[in-house]
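Protein sequences appear in the order of chains B and A. Mapping of the first sequence onto the numbering used here: residues 29 to 138, in sequence order. Mapping of the second sequence onto the numbering used here: residues 31 to 621, in sequence order.
Treat the hints as calculated values from the structure; they're not laboratory data. You may find that some hints are simply not true.
A few chain A residues facing chain B, derived, Cβ under 8 Å [as the list claims (entries may be wrong)]:
#	residue
1	Ala-118
2	Thr-139
3	Ser-245
4	Val-278
5	Phe-279
6	Gly-396
In the SDA-like style, the derived pairs of lysine to any residue whose C-alpha atoms are separated by at most 20 Å in a straight line are [to be verified]:
#	chain 1	residue 1	chain 2	residue 2
7	A	Lys-596	B	His-90
8	A	Lys-604	A	Lys-255
9	A	Lys-255	B	Tyr-56
10	A	Lys-471	A	Lys-255
11	A	Lys-604	B	Gln-88
12	A	Lys-255	B	Asp-87
13	A	Lys-604	B	Glu-49
14	A	Lys-255	B	Gln-88
15	A	Lys-604	B	Asp-87
16	A	Lys-144	A	Gly-614
17	B	Lys-126	A	Asp-339
18	A	Lys-475	A	Val-490
19	A	Lys-367	A	Asn-336
20	A	Lys-604	B	Leu-96
21	B	Lys-126	A	Ala-384
22	A	Lys-604	B	His-90
23	A	Lys-604	B	Ala-114
24	A	Lys-475	A	Val-491
25	A	Lys-604	B	Tyr-56
26	A	Lys-604	B	Arg-58
27	A	Lys-471	A	Ile-483
28	A	Lys-604	B	Glu-51
29	B	Lys-126	B	Val-108
30	A	Lys-367	A	Ala-384
31	B	Lys-126	A	Ile-609
32	A	Lys-604	B	Leu-61
33	A	Lys-604	A	Ala-538
34	B	Lys-126	B	Phe-72
35	A	Lys-367	A	Thr-354
36	A	Lys-604	B	Phe-127
37	A	Lys-255	B	His-90
38	B	Lys-126	A	Gly-614
39	A	Lys-604	B	Trp-57
40	A	Lys-255	A	Asp-339
The structure displayed is predicted, hence computed values, not measured ones. Beta carbons: idealized from backbone N, C-alpha and C, even for Gly.
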Amino acid sequence: MDQPDGKGPDEGQTTGEPDSEIESHRAYWRANLRLLGTLMAVWFAVSFGAGILFRPFLDQFHLGGYPLGFWFAQQGSIYVFLLLIAVYVVAMHRIDRKFDLDDDDNGGRG
Amino acid sequence: METQTLIYLFVGLSFALYIAIAIWSRAGSTSEFYVAGGGVNPVVNGMATAADWMSAASFLSMAGLIAFLGYDASVYLMGWTGGYVLLALLLAPYLRKFGEFTVPDFIGTRYYSKAARVVAVVCLIFISFTYIAGQMRGVGIVFSRFLDVPILWGVVIGMGIVFIYAVLGGMKGITYTQVAQYCVLIFAYMVPAFFISFMLTGNPVPALGLGSEVSDGSGMYVLQKLDMVLTDLGFAAYTDGSKSMIDVFCITMALMVGTAGLPHVIVRFFTVPKASDARKSAFWALVFIALLYTTAGPVGAFARLNFIDTVNEQEYAQAPEWFTNWEANDLIAWRDKNFDGRMQYRPGDPFEGAPVFVEGETGLSGERLTENPTTANDNEVYVDRDIMVLANPEIAQLPGWVIALVAAGGLAAALSTAAGLLLVISSSVSHDLLKQTFRPKITEKGELRAARIAATAAIVVAGYLGVYPPGWVAQVVAFAFGLAAASLFPAIVMGIFSMRMNREGAIAGMVSGLGFTFLYIAYFKLWEPAANVEANWLLGISPEGIGVVGMVLNFAVAITVAALTKAPPADIRKLVDNIRVPRGAETPHMH
Numbered sequence: 029m030d031q032p033d034g035k036g037p038d039e040g041q042t043t044g045e046p047d048s049e050i051e052s053h054r055a056y057w058r059a060n061l062r063l064l065g066t067l068m069a070v071w072f073a074v075s076f077g078a079g080i081l082f083r084p085f086l087d088q089f090h091l092g093g094y095p096l097g098f099w100f101a102q103q104g105s106i107y108v109f110l111l112l113i114a115v116y117v118v119a120m121h122r123i124d125r126k127f128d129l130d131d132d133d134n135g136g137r138g
Numbered sequence: 031m032e033t034q035t036l037i038y039l040f041v042g043l044s045f046a047l048y049i050a051i052a053i054w055s056r057a058g059s060t061s062e063f064y065v066a067g068g069g070v071n072p073v074v075n076g077m078a079t080a081a082d083w084m085s086a087a088s089f090l091s092m093a094g095l096i097a098f099l100g101y102d103a104s105v106y107l108m109g110w111t112g113g114y115v116l117l118a119l120l121l122a123p124y125l126r127k128f129g130e131f132t133v134p135d136f137i138g139t140r141y142y143s144k145a146a147r148v149v150a151v152v153c154l155i156f157i158s159f160t161y162i163a164g165q166m167r168g169v170g171i172v173f174s175r176f177l178d179v180p181i182l183w184g185v186v187i188g189m190g191i192v193f194i195y196a197v198l199g200g201m202k203g204i205t206y207t208q209v210a211q212y213c214v215l216i217f218a219y220m221v222p223a224f225f226i227s228f229m230l231t232g233n234p235v236p237a238l239g240l241g242s243e244v245s246d247g248s249g250m251y252v253l254q255k256l257d258m259v260l261t262d263l264g265f266a267a268y269t270d271g272s273k274s275m276i277d278v279f280c281i282t283m284a285l286m287v288g289t290a291g292l293p294h295v296i297v298r299f300f301t302v303p304k305a306s307d308a309r310k311s312a313f314w315a316l317v318f319i320a321l322l323y324t325t326a327g328p329v330g331a332f333a334r335l336n337f338i339d340t341v342n343e344q345e346y347a348q349a350p351e352w353f354t355n356w357e358a359n360d361l362i363a364w365r366d367k368n369f370d371g372r373m374q375y376r377p378g379d380p381f382e383g384a385p386v387f388v389e390g391e392t393g394l395s396g397e398r399l400t401e402n403p404t405t406a407n408d409n410e411v412y413v414d415r416d417i418m419v420l421a422n423p424e425i426a427q428l429p430g431w432v433i434a435l436v437a438a439g440g441l442a443a444a445l446s447t448a449a450g451l452l453l454v455i456s457s458s459v460s461h462d463l464l465k466q467t468f469r470p471k472i473t474e475k476g477e478l479r480a481a482r483i484a485a486t487a488a489i490v491v492a493g494y495l496g497v498y499p500p501g502w503v504a505q506v507v508a509f510a511f512g513l514a515a516a517s518l519f520p521a522i523v524m525g526i527f528s529m530r531m532n533r534e535g536a537i538a539g540m541v542s543g544l545g546f547t548f549l550y551i552a553y554f555k556l557w558e559p560a561a562n563v564e565a566n567w568l569l570g571i572s573p574e575g576i577g578v579v580g581m582v583l584n585f586a587v588a589i590t591v592a593a594l595t596k597a598p599p600a601d602i603r604k605l606v607d608n609i610r611v612p613r614g615a616e617t618p619h620m621h
């Protein structure tokens, strides 16, 4: 890799910010990525997993008159998507505050 | 009151409402024109996003597609909702934190390159125009069937309405009209769905009704009966698709990623006050969208069952009024292949292509004659899928005001989406091409004027595409998703999640992704439509799903090229670091 200044891309040496702030940004970003990874795994599992790849298998079970795989494909996945975003909003807000990076009152109309 | 009078009344009232809102919310600055001043409440924005998102394709075509495709249509239901998870998690909060006006703004700034900005503008205009053609077509269909005006005049009237509120009000006018349009369209969609579900199953909630037993005393579940009726006639079972698994997988993925990459959807998240509001707004948007999407599946299934019940083996002379009405509008046709005067509805096309009617000539039973070459199967009925939602209340014999409501709802869906698309087209021309690239010295007033002129020009082009459409509604729209998935989405995601992604990588990625997807789709849809069969497809992936391959190509090319070229400058890394945290969002353009 070609680094014009001879340092890694993430070192923030030109920003003049204290190390602690860079460190806290990094920790925040790692926490964010962990949350994203979990939620995206569920996202994939309900739609592509239950609704498509395992649909033929799941269709032997029924939810009322719905074959289960068909239900996931046309109903269930949508409900889970909603739930995922709701969890994301709440969990992310908690992470924002933990790292003191939220935009609760100082953000907004700058 | 007559149904026809009611239709004029409902459509007239809804139009008056949109125009009143447009006058009340006239835009005075570029910030108001592009992003409604950046101060829209997240719930309001969610509702506007839902209206923006749910187009003529969602409202008019989707339930029809579901009715005729059964399980295979799950690609639309999952694809067009799952994309919001990607939007909420991967794009919306960061783009809002970035705090500019347009999608090319982000790409141009993040990749420190006017060339990247122009490539993004080209992608955006391409995607938006293919998408908008479908909307104008939807407007034309509603007008020609319900208001008895030719498609041309229907499109002209629709263009006039959009012109008033999009050109005057900009994003501000559009946002508040979209809220009104959402209310109209969701009400119009739910009311007949409740009625039909109740009549068929005794349960008024459609999502529950589809899982219940048919209330005809047979003790069968709706889906069970539908599967039985269809297989008896020789169709595939409703709950069993006929597409291959890899194709279903790829189409769903392309639609999801495409949804997240559609500029007119992304730009809605620039209008809320801060990054955390962008997340909430994505949630509300999906709530409002899910209301319609969880209903569309049942509506499609009920429509198919009712359609077969009322049409199959029915004497043409006794055909219901809606059947002959739609026939008069060229969207339904019947050819009496066995001369028994009854309509046999079976698998396959009754004749080749869309019906070409012989003017003024009728057959033995009084049906309109078509000159298309006959096909060798027993099916006698041609039905355009796009009419199912509009015809549904009539098929179920619902009262006139419900039919009028659906007509107004269809127009609301088409107009709200068209307006959102026109806005991103005009702002990419006035802001990205003029202000940021070719005429940086333009004044704010001049930029605002340019935005309005660009919006006007875009309306005219869209209208032309609506009158002379390059295909039926949903098919045209599918084109836009593949292109968005293969071009804009990867560039934006890498811009946020990779510090190392640079100008060279992003441009090479976008160009190769867009180029590949465009050529693949154009080859099968335009140049060699006859070759558009599974045996010829790359890995068995249809043109609808190929955007996924384009996306993978985009990522691969971008990462390879970026690894071989210079890393982005330090201030870009600082920018990325800044958009990753929510604190400190600004009103767009405070600098």
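Determine which of the earlier numbered hints do not hold for this structure and return their numbers in increasing order.
Those not satisfied are hints 2, 3, 6, 7, 8, 9, 10, 11, 15, 16, 17, 18, 19, 20, 21, 22, 23, 24, 29, 33, 34.
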